Amino acid sequence: MENRTRKSILMWLLLSPLVVVILFPFAVMVSTAVKPRAEVLAYPPRWLPSEIRLQNFVDMWEATRLGPAVMNSLLVSVAATLLCLAIAIPAAYASSRMQFTGLKLYRQFLLVTQMLSPIVLVLGIFRLMASLGMVDKLPALVLAYVAFNLAFSVWMLQAYFQTIPKELEEAAKLDGASTLQRMRLIFLPLALPAIGITAVFVFIYCWNEFVLAMTLLRSPESNTLTIQTFSLVGGRYQVDWDHVMAATLVASVPVAVIFALLQRALVSGLTVGAVK
Amino acid sequence: MTRANTRPSDGIGRAAPYLLVLPSILFAFWIIGYPIYDMANMSLHAVNRFGKTGAFNDFANYSRLFSHKLFLDCLLRTLVWTVCVVGGTVLLSVPIALILNERFYGRTLARIIIMLPWAVSLTMTGIVWRWSFNGQFGMVNATLSSFGLQDTPVEWLATATTAFPILIAIGILVSIPFTVTVILGGLSSLQADIFEAAKIDGASGWQRFRHLTLPLIRPFLNIVLVLNFIYVFNSFPIIWVMTQGDPANSTDILVTWLYKLAFRYGELGVASALSIVMFLILLALTIVYAVLAMRNERRQA
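Taken in sequence, the protein lines are chains A and B.
For the first sequence, position 222 matches number 222 in the numbering used here, and the numbering has no gaps at all.
The number in the numbering used here is simply the position in the second sequence, starting from 1, with 276 added.
Do not take every clue at face value.
One-sided excerpt, in silico: chain A residues whose CB lies under 7 Å from chain B [to be verified]:
(1) V19
(2) P90
(3) V112
Honestly, the hints are just simulated from the structure, not real lab data.
Keep in mind it's a predicted model, so treat the numbers as computed, not measured.
Think of the CB as a built atom: it goes at the ideal place given N, C-alpha and C, for glycine as much as any other residue.
From just these sequences and the hints, can you work out the full model?
Laid out in structure tokens, this is it:
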């Protein structure tokens with residue numbers, strides 16, 4: 001026991017520089033977000049404010065129009081996640097459960113689309129959306145997000161699906177269940193955890209995405225949360241840092257909490273996907 | 277169950293996999309394939325700033341790109357950025373993963389903390405660090421001077437010599453969680469008994485690491501290297517949010533320059549040529565990755 005305590009102290013000491021650097025921005029966020037404005041721009045700056053001013057959050061919410069931006073982000077992320085799963089689940093089912101000519105080609109196709117990032121294609125995507133008359137419309141973002149998450153989702157889901165035993169489905173097949181029935185009644189319930197984890201990853205991607213949102217959205221009313229927050233900083237001479245930090249805190253904490261709670265499941269899920 | 281009943285379902289059965297994968301293929305061709313075609317097309321023709329394409333112009337967009345005074349700068353900086361961030365990330369992530377693989381008090385908490393930067397969007401991370409490195413009111417200067425480590429405040433992000441290294445450090449910080457995760461996955465797949473055997477045979481900790489752990493997690497390291505290379509090469513938000521490539525283009529990498537060419541300077545022809553060049557670089561990297569991944573699969577089989 002004694003030995004383990006000493007080891008634990010050593011391990012934490014070794015990790016401490018990194019832990020400090022990781023927690024530093026969170027400390028900055030909290031510290032600035034609750035400061036009275038006069039102290040935000042006081043020199044030299046201090047960590048501890050003279051009072052903890054929670055009113056900042058209320059002011060920020062009004063002044064920065066964060067509410068509509070949160071709604072836009074939620075709408076886009078939920079819609080994109082659902083559409084992505086609706087397309088990816090059948091594809092993953094086919095590529096993990098069925099033998100067909102072209103399966104290998106399909107996997108390579110997935111790999112290539114997975115490697116492409118939005119930034120390299122953003123000009124072409126902007127032109128595509130412009131030709132469809134969808135610039136500054138949230139569905140444009142949904143379509144783009146689905147496209148960039150499909151490969152990842154199919155990849156991850158099929159790695160999982162391979163771990164689900166086939167026997168149950170084969171038994172159902174003998175009993176005369178059709179492909180669709182087998183998929184809906186037997187396979188999907190077993191695959192639900194995998195689908196949930198994939199959904200979380202897609203959701204977080206959409207919630208955090210930057211370059212497509214910045215390019216495809218034009219008016220402040222359609223901004224997502226990331227872009228609205230960025231607009232408080234980018235291209236401004238005077239930045240209200242207390243509001244900005246309150247906004248980043250509001251934007252980051254929910255996702256960070258979800259992530260921390262699901263950490264184990266997410267990490268093991270990703271390892272299955274990465275190694276297969 | 278009669279034969280007559282199974283026959284038609286066999287016919288559907290043969291078409292079924294194609295019907296199931298078809299939507300994903302169509303979708304990718306529409307949203308990803310068409311833009312690539314469109315940009316390739318644009319890169320070969322004269323384009324005005326509103327995106328109207330004219331005649332084929334003898335690769336003029338490409339020659340303008342390659343002879344542009346910023347192209348070589350940005351390319352080199354992209355290389356430095358990618359190599360430093362990926363190298364730094366992997367060098368730091370291996371020991372971190374080794375630590376997190378040990379049993380100690382608070383390991384779950386340590387894992388959660390190390391994974392935290394992953395959960396926060398790069399945009400938010402960039403915004404907070406930009407404020408932290410603010411020359412006048414930033415907490416980095418305040419913290420350094422309170423420990424007596426610096427006399428006068430530094431304008432970190434407005435100085436060319438400090439801005440880029442800082443961006444690289446932040447790049448490393450946000451790449452660690454994913455990398456540690458994959459390496460941890462590799463470590464947890466190792467069997468304990470060979471390490472016990474090596475210990476009994478008198479191998480030191482370093483020897484066990486050098487001759488057992490490292491070769492065994494090699495496939496995972498390969499994958500992490502290539503994937504990180506691709507992510508970091510494409511990484512946009514951190515630089516855009518913190519410096520937008522300034523001061524005086526000294527922190528521009530290819531992706532930020534590409535964005536400026538396309539959406540700020542209206543140089544659509546050059547921008548599409550650059551997009552295609554980057555697409556080809558990524559394609560080459562993907563092939564490397566595919567070869568590595570396939571070799572892994574064969575080893576596991």
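Now the hints, each set against the structure:
no. : hint : verdict
1   : V19  : holds, 6 Å
2   : P90  : holds, 4 Å
3   : V112 : holds, 6 Å
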